[in-house]
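**Q** Chain by chain, the residues run as shown.
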Amino acid sequence: GQQVMQIPQYQHVQEGEDFTTYCNSSTTLSNIQWYKQRPGGHPVFLIQLVKSGEVKKQKRLTFQFGEAKKNSSLHITATQTTDVGTYFCAGPQETSGSRLTFGEGTQLTVNP
Amino acid sequence: GAVVSQHPSWVICKSGTSVKIECRSLDFQATTMFWYRQFPKQSLMLMATSNEGSKATYEQGVEKDKFLINHASLTLSTLTVTSAHPEDSSFYICSARDWGHPGAFFGQGTRLTVV
Chain A
1 GQQVMQIPQY QHVQEGEDFT TYCNSSTTLS NIQWYKQRPG GHPVFLIQLV
51 KSGEVKKQKR LTFQFGEAKK NSSLHITATQ TTDVGTYFCA GPQETSGSRL
101 TFGEGTQLTV NP
Chain B
113 GAVVSQHPSW VICKSGTSVK IECRSLDFQA TTMFWYRQFP KQSLMLMATS
163 NEGSKATYEQ GVEKDKFLIN HASLTLSTLT VTSAHPEDSS FYICSARDWG
213 HPGAFFGQGT RLTVV
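Heads up: the protein sequence lines correspond to chains A and B, in order.
According to my numbering, the first sequence holds residues 1 to 112 in order.
According to my numbering, the second sequence holds residues 113 to 227 in order.
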């Protein structure tokens with residue numbers, strides 16, 4: 001079945017350093033979504049990418065969708081302590097686009 | 113943005129009892145809602161898709177007789193964990209999509225502890 005893999009599983013950075021998490025799907029995706037889950041909280045939608053090679057920015061966050069629409073990345077420039085949390089990518093299932101398959105997530109900790 | 117409310121946020125129950133978790137879309141109608149299970153430091157595993165007015169669709173390996181789902185209205189889905197056992201202890205989260213919005217809105221989650 002469809003698999004969505006994410007690396008790294010954990011990332012510890014000093015405040016001000018950059019951070020990147022990578023997402024790879026075993027199948028071509030119609031779109032990819034990114035979510036952030038703060039410790040003890042619930043996932044919050046960040047963005048959706050649809051087009052091949054698409055790049056979107058949200059302040060210090062840059063999201064990319066690969067040309068083959070099978071991989072994606074999230075890059076945070078100059079991390080802050082408020083960036084702490086787990087970042088998940090998610091792709092629609094082949095059999096039902098409304099159902100999402102989530103990656104394993106990358107847990108980011110930021111040392112002040 | 114749209115709000116999905118989940119209740120209770122945490123519950124402790126005795127082994128063998130049943131627990132009901134509610135998921136409500138507060139300011140939009142949701143014909144479909146989704147139930148996930150999340151173990152500590154792990155990803156969200158889709159358990160089932162809740163369909164308003166019809167039977168839920170369960171993912172492979174999820175026991176439908178154990179995890180009863182009811183979606184009686186356009187704003188409410190319930191998950192009942194029947195005859196709960198300690199291995200059912202987990203974080204259960206629901207989500208719903210609002211028409212025209214690309215992403216899913218999640219409830220606050222319910223932390224279930226079975227003792």
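Treat the hints loosely; a few may be bogus.
Unchecked claim - Among chain B residues calculated to face chain A with C-beta under 10 Å, some are:
| id | residue |
| --- | --- |
| 1 | G113 |
| 2 | C125 |
| 3 | V131 |
| 4 | T194 |
| 5 | R209 |
Said to hold, decoys possible - Derived Cβ-Cβ restraints for the label pairs, each shown as a range:
| id | chain 1 | residue 1 | chain 2 | residue 2 | range |
| --- | --- | --- | --- | --- | --- |
| 6 | A | A68 | B | G173 | 47 to 53 Å |
| 7 | B | I124 | A | K57 | 25 to 31 Å |
| 8 | A | M5 | B | I124 | 43 to 49 Å |
| 9 | A | P112 | B | G165 | 30 to 36 Å |
Worth flagging that the hints you see were computed from the coordinates, not collected in a lab.
Small disclaimer: the values here were computed from a predicted structure and weren't measured.
Every residue, glycine too, gets a C-beta built ideally from N, C-alpha and C.
**Q** Now look at each hint and say whether the structure bears it out.
**A** Status of each hint after checking the structure:
no.	hint	verdict
1	G113	holds, 8 Å
2	C125	violated, 21 Å
3	V131	violated, 19 Å
4	T194	violated, 24 Å
5	R209	holds, 6 Å
6	A:A68 - B:G173: 47 to 53 Å	violated, 30 Å
7	B:I124 - A:K57: 25 to 31 Å	violated, 44 Å
8	A:M5 - B:I124: 43 to 49 Å	violated, 35 Å
9	A:P112 - B:G165: 30 to 36 Å	violated, 51 Å
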